[in-house]
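There are 4 protein chains.
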Amino acid sequence: MSDKAYVLFEEQQRNRGIDLDQVKERLKALKVETPSWGYADQGTRFKTFQKVGVPRNTYEKMEDAAQVHKFTGICPSVAVHIPWDKVDDYAHLKEHVANLGIKIGAVNPNLFQDDDYMLGSVTNSKEAIRRKATGHLLECVDIAKTVGSDILSLWFADGTNYPGQADIRKRVQWMYESLKEMYAAMTPDMRMLIEYKFYEPAFYHTDLADWGMAFNMANKLGPQAEVLVDTGHHAQGTNIEHIVAYLIGEKKLGGFHFNSRKYGDDDLIVGSVNPYELFLIFYQILDAAADVDPGVSRTANNIAYMIDQSHNIEAKIPAMIRSVLNVQTQYAKALLINLDEVREAQEAQDVLVAENAVRKAFEFDVTPLLQAVREEMGVPADPMQAYLEDSYGQDILARGKGGASW
Amino acid sequence: MSDKAYVLFEEQQRNRGIDLDQVKERLKALKVETPSWGYADQGTRFKTFQKVGVPRNTYEKMEDAAQVHKFTGICPSVAVHIPWDKVDDYAHLKEHVANLGIKIGAVNPNLFQDDDYMLGSVTNSKEAIRRKATGHLLECVDIAKTVGSDILSLWFADGTNYPGQADIRKRVQWMYESLKEMYAAMTPDMRMLIEYKFYEPAFYHTDLADWGMAFNMANKLGPQAEVLVDTGHHAQGTNIEHIVAYLIGEKKLGGFHFNSRKYGDDDLIVGSVNPYELFLIFYQILDAAADVDPGVSRTANNIAYMIDQSHNIEAKIPAMIRSVLNVQTQYAKALLINLDEVREAQEAQDVLVAENAVRKAFEFDVTPLLQAVREEMGVPADPMQAYLEDSYGQDILARGKGGASW
Amino acid sequence: MSDKAYVLFEEQQRNRGIDLDQVKERLKALKVETPSWGYADQGTRFKTFQKVGVPRNTYEKMEDAAQVHKFTGICPSVAVHIPWDKVDDYAHLKEHVANLGIKIGAVNPNLFQDDDYMLGSVTNSKEAIRRKATGHLLECVDIAKTVGSDILSLWFADGTNYPGQADIRKRVQWMYESLKEMYAAMTPDMRMLIEYKFYEPAFYHTDLADWGMAFNMANKLGPQAEVLVDTGHHAQGTNIEHIVAYLIGEKKLGGFHFNSRKYGDDDLIVGSVNPYELFLIFYQILDAAADVDPGVSRTANNIAYMIDQSHNIEAKIPAMIRSVLNVQTQYAKALLINLDEVREAQEAQDVLVAENAVRKAFEFDVTPLLQAVREEMGVPADPMQAYLEDSYGQDILARGKGGASW
Amino acid sequence: MSDKAYVLFEEQQRNRGIDLDQVKERLKALKVETPSWGYADQGTRFKTFQKVGVPRNTYEKMEDAAQVHKFTGICPSVAVHIPWDKVDDYAHLKEHVANLGIKIGAVNPNLFQDDDYMLGSVTNSKEAIRRKATGHLLECVDIAKTVGSDILSLWFADGTNYPGQADIRKRVQWMYESLKEMYAAMTPDMRMLIEYKFYEPAFYHTDLADWGMAFNMANKLGPQAEVLVDTGHHAQGTNIEHIVAYLIGEKKLGGFHFNSRKYGDDDLIVGSVNPYELFLIFYQILDAAADVDPGVSRTANNIAYMIDQSHNIEAKIPAMIRSVLNVQTQYAKALLINLDEVREAQEAQDVLVAENAVRKAFEFDVTPLLQAVREEMGVPADPMQAYLEDSYGQDILARGKGGASW
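Chains as they are written, first to last, in the UniProt record's numbering: chain A, 1 to 406; chain B, 1 to 406; chain C, 1 to 406; chain D, 1 to 406.
Read the hints as simulated data drawn from the structure, not as lab findings.
Do not take every clue at face value.
Note that the list lumps identical chains together, so a pair holds whenever it fits in one copy or between two copies.
[To be verified] Under the rule of at most 27 Å between Cα atoms (straight-line distance), these lysine-lysine pairs were calculated in the DSSO-like manner:
(1) LYS94 - LYS4
(2) LYS126 - LYS251
(3) LYS24 - LYS126
(4) LYS145 - LYS103
(5) LYS401 - LYS126
(6) LYS47 - LYS401
(7) LYS24 - LYS360
(8) LYS70 - LYS360
(9) LYS94 - LYS28
(10) LYS24 - LYS70
(11) LYS86 - LYS401
(12) LYS360 - LYS126
(13) LYS251 - LYS180
(14) LYS28 - LYS360
(15) LYS145 - LYS180
(16) LYS360 - LYS94
(17) LYS401 - LYS132
(18) LYS360 - LYS180
(19) LYS251 - LYS220
(20) LYS126 - LYS47
If you're wondering where the values come from, they're calculated on a predicted model, not measured in any experiment.
Modelling step: build the complete structure from the supplied sequences, incorporating the hints.
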């Protein structure tokens, strides 16, 4: 049936003026990075439930990540978190990962779990602690060099819980000084992606609270610094795709951390709460990719897509596969938007026609398309089903409980 | 100076028609329960920073709680959490606590940290797990009987993370059946306080998501079941004092968990984000306490005030004292509202005068009043200062790090 | 191509165990009421832009509504708002409407635009105003009798803007007394649907602020009173489908006002912000419709679906058609959920399989199904296209600007 | 009694190390601008209730504003809105206003009530409309020159209601081009204050949605462009004082529109929802005013404070006086923060002491201080009481209903 479905799909899209060859090419080029910590035990402040079969170390996390790539074909890299993924020999790790058919992606420093950082890391009023934090950032640049990564992904838990607790303006300066030093240590091919977060774990103020603060920091640092958008890090009601469009227009959007949330930073499976929002994000990206301004289109085509989730109750590897598939599905749907049609309606100021030109692409079932693309890529047409039928999920149960956690 | 200040304050309030003797009497009658877990290490999902001097067991938690009562005079009871406060001999614990000059207050079952409860406790689709959960509830009734507590305080982490994960309507029934059994086991003097929570740790749906669901459950169970309002458990923008007024009007408000938050359920020190909201809550309570309907005034006068906070970065005992003082301060201010003045303005439909009649009570400095009351109660005029000058805070440092945590 | 598409769709769904005949039957039975005011000029507090061709009176509103039914086949009734739709002769209006092939649906009293109601209608502290408001409610019951409507749909703007402005508890009583009188005037076949709203136009407290207050009111009034859920009337992050499931479980859900919003009560086209939410609402309804409890399934099958939107910038009739089609689309998708599959996964406690069983139905393209259903119903396969090609939209431009507004 | 109270207050503050002379000097220097439209009829989208006595034209609005200054002494200027305040002869208006003892403050263009602007003004895809909008901006610069104002205050209703409706990135450019032209027309002493808004009246995206977009625009325009913070224009949970501190640190905060809200942009009386937030905003400003960086302190000392409210149900002039007094009260309280004490606690990393050092200033009753200051300024000690006892409020009732509205 799949064949019939695809033939029909092709005919349907051709009639709409969609160039399916280009769509398929872009789908094959899509890369979604998964995070090493996504394979480990995670929880809420109330409880981390320990799962059977969770990786016990970084090497096993990489093995799990390799499975996600094996079945989806679009996850060739894994983000690491230091020191969660600290190993004695990073060159050896790099080799191990290469043998698994994948590579190490973004390097993420961790500046929130050392006791010294309770009241701030690069923003701590104690110089010695800022120094220590900066040292860790520089260490991560070195690790990136060793493992061959060109992305440093920065999220800071820095902030305060109470009014008056700290000097907000001084902390801005301190963070800048630290990042400037890190920036200087990067090689010219490296990018520093600066993440922001609305709240948690700091509950009064977060030093990089929104895209504006991350953007301003990136502007001050230079062209190798860009903003990273985590879809769960905004106030309720925020139009995230607007921020995405705006940052691309400013040539400063560097990457994404994808996840979903209903209220807080719930870190649920991507696309499980409002898949249309994800689709609209991709619409803005694809619209920008077609911009006549080469800087804008270059930015839109150079975004690092990364998953950042916390699977508290569900099986880890299948949950990651689900997220990756959901990203791929919404990307595929967005590729079916006829941008010319949208633009014509915009120029005619026909609100309903313009809205419809975007939304109707969302309503197509892209299963036949994705199955065709996967077949051409040499991966299973139904990656989830294939993974569940594979023995890997059973084999790792031998690891028992008590795996790594963050 | 304090004397002069009080004399002036007295004159000022007398001129406004405030009966200061009654105000003082009510201030002396105010009781605020502190939670045993509030003295233990707590954190966010990212990190629990371990503090030096944190109690290592329930007995030490009680000792810390006794200090808060010693210095404030209004915290004679301590809520316990089972199994965090599980001891071999509850009668012995009761005696120990009595020797400290305090007593055990609300008994809180914990149905969210056992692996069995990952997908629900009293709402779990597996009967054996519901049975186990109900057993724990009954155990807590027994403990309450043993320790002489008349309040069972119920918060459930039950909920789901994804659409379709569970049968929402069946879970309502299952919870009801379990609570009915618990209700039947209570002695006639006992009250069951049912707490609700908007989100976290379940991120898609919480089985008791709002006051309406807790209220409906309490209605079905009977007169000994009432609603507990945790100030941090509402959606942004919710008018909490409206809910308070409404529940008292329905004679179904049983208690409070006080804490503050800026966005999530941040569990910050009470009164640190919007002290006016706390004042307005007390305004509604005091207004209802003066109601001609005896059921309404009885309800308003029989509310259990409890602190429920998570001190992630600040010193435990002083943070608790701060919260207690903030509650006392806002209660004192609310007692200065001239309710007749408000009602007259309401009847005259003069919006600005009515608003002013409430707000102006908030603007008084109640320090002289509180100092006078404390003097009459035989506790330090400045409890925080007195505690900090006392040796207790230093002495407990000998406990070292690694205390109890939740 | 449509035929091929439907054949393929049918095969696909049959393989999944979906009974397409039943699906089609239910799609044909779906009724969505449109509101007379949705055809009139509407705006924000900043500006109501006047559109050319907007109806100048109730008769013309009915004519426009009849068009929506003509092209979609599922909008046979129109809600009216009194006094916006006040006419001298309601029997004549009823006849006019019948001649248009439709009928009058819910009757909506308006208690928020008379100067007397500035500080409350049925909750006003002045008895004379409450009396007047109750009189209007009784008038609406009479109108309903005359026009043959069995639904009274109540939304109150009542509330306050400032703390202290009014006596919250007394207002609860006053509203109850008024509604009790209205309830008594209804014939046994009539239903009173009680709507709630989180905020606006009252900004401090709304007398019926959430489902819990509407539900409690309906409970006190009796079996003919039920709750009406307006999808835009909740705090951010609220799980609306949870409330829907809960209310059906309590046999107290009576109807919906459909619209979308990103932040406030934006009253945008249904399904334009988060179509998945609408799908999940229908999932809960259909799940309940299959419940073994006859009261639950009866409730689920007896819900009044109504549109309530404010088309500030877009063309009125096409916007209404778009909303109706979006409702139909999500309903159709929800009908493709294999409820047995969901339940099996729930019983097996397989979170990912259960989530997938729901979500995958959302990913189907139901266009072939809807086209087939419409063909069988004798309406255009593409109602929007057909309306735009029809001359009606052009003809009404002769009405000019300055139509009715609310 | 007032004297005794002030003597006591003075002693108390002197003991805390507060320089009351400086505090009084700053209180006398505080200026709060009121808006001409705040004296006119305003409402919600549901209804604008018409008040008796509302000004019928700009001249009468100025007369009302002059009353607020007369009784408070701190409102010497009035913001105007063009075309709401369009007059034939601005020089004559200027003279009239001067005769009232006040002057014209910020000039606010209105680009949201002309039919042409329904889909955007300076961001409209039609060049002719952008041209018209820019012309209006230039007209406002001319008016400012004529009336002697040095502030152009810009709020745009521009945005979209639906995904795809317009090209988000192009609109950024179009707005920039328009503002650049306006900027060029300003004299060197003029400031352009750029306001942002989270939502409403556009419901999908607002072209200047947050401080970051306004800030980036101001940066591109030049030093005479700054950001204006309207306290009601943020998502729920946003830390506004953080944004204030951040913008001052960047030397780009130009002014405020003060009002309160519980959920939406409710435009309620300042300080009626969370007065502590207003206090914390002033804390950040005063902390910055004491900064060693002269650019930072200059910015903090050069902020334009303006009221922007919508009195839907309450009497206009008293509501404005209430707001002004609330601003003054919180400013006075913030002046009582001992900044040295805060900084010492921050350096010692004592969270609780630092928090307390800020909060305790909030708890003082500043009534004696304000009465003393007012006496020295030659205005009534209780401005509200004095206004209510004055005949002005009665006299204007002769204006009748049907005053100006926006």
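Checked hints:
Taking identical chains as interchangeable, the C-alpha atoms of LYS94 and LYS4 are never at most 27 Å apart, the minima being 44 Å within one chain and 51 Å between chains. In this assembly of identical chains, the alpha carbons of LYS126 and LYS251 lie at most 27 Å apart only when taken from different copies (26 Å versus 35 Å within one copy). Taking the shortest alpha-carbon separations for LYS24 and LYS126, neither the intra-copy value of 53 Å nor the inter-copy value of 36 Å comes in at or below 27 Å. Taking the closest pair of Cα atoms, LYS145 and LYS103 come within 27 Å of each other only inside a single copy of the chain (13 Å); across copies the shortest separation is 61 Å, beyond that limit.
Taking CA atoms no more than 27 Å apart as the test, LYS401 paired with LYS126 passes between copies only; the shortest distance there is 22 Å, against 40 Å inside one copy. In this homomeric assembly, LYS47 and LYS401 come within 27 Å of each other (Cα to Cα) both inside a single copy, at 15 Å, and across copies, at 21 Å. For a Cα distance limit of 27 Å, the shortest separation of LYS24 from LYS360 qualifies both inside one copy, at 19 Å, and across copies, at 22 Å. In this assembly of identical chains, the alpha carbons of LYS70 and LYS360 lie at most 27 Å apart only when taken from different copies (23 Å versus 32 Å within one copy).
Taking the shortest alpha-carbon separations for LYS94 and LYS28, only the intra-copy value of 25 Å comes in at or below 27 Å, while the best inter-copy value is 60 Å. Taking identical chains as interchangeable, the C-alpha atoms of LYS24 and LYS70 lie at most 27 Å apart only when both belong to the same chain, with a minimum of 19 Å there against 41 Å between chains. Proximity of LYS86 to LYS401 under the C-alpha cut-off of 27 Å is found in both arrangements, the shortest distances being 21 Å within a copy and 26 Å between copies. Taking the closest pair of Cα atoms, LYS360 and LYS126 come within 27 Å of each other only across two copies (26 Å); inside a single copy the shortest separation is 55 Å, beyond that limit.
In the homo-oligomer, the alpha carbons of LYS251 and LYS180 lie at most 27 Å apart both inside one protomer (20 Å) and across protomers (21 Å), since each shortest distance falls under that limit. For the identical chains of this complex, LYS28 and LYS360 are neighbours both inside a copy (23 Å) and across copies (23 Å), given an alpha-carbon limit of 27 Å. Taking identical chains as interchangeable, the C-alpha atoms of LYS145 and LYS180 lie at most 27 Å apart only when both belong to the same chain, with a minimum of 18 Å there against 44 Å between chains. Taking the shortest Cα distances, LYS360 and LYS94 never come within 27 Å of each other, neither inside one copy (44 Å) nor across copies (38 Å).
Only between protomers do LYS401 and LYS132 lie at most 27 Å apart by alpha-carbon distance; the minimum there is 23 Å, versus 34 Å within a single protomer. Proximity of LYS360 and LYS180 under a CA criterion of 27 Å is satisfied in neither setting, with 46 Å inside one chain copy and 38 Å between copies. Taking identical chains as interchangeable, the C-alpha atoms of LYS251 and LYS220 lie at most 27 Å apart whether they share a chain (14 Å) or sit on different chains (15 Å). In the homo-oligomer, the alpha carbons of LYS126 and LYS47 lie at most 27 Å apart only across protomers (20 Å), although the nearest pairing inside one protomer, at 32 Å, exceeds that limit.
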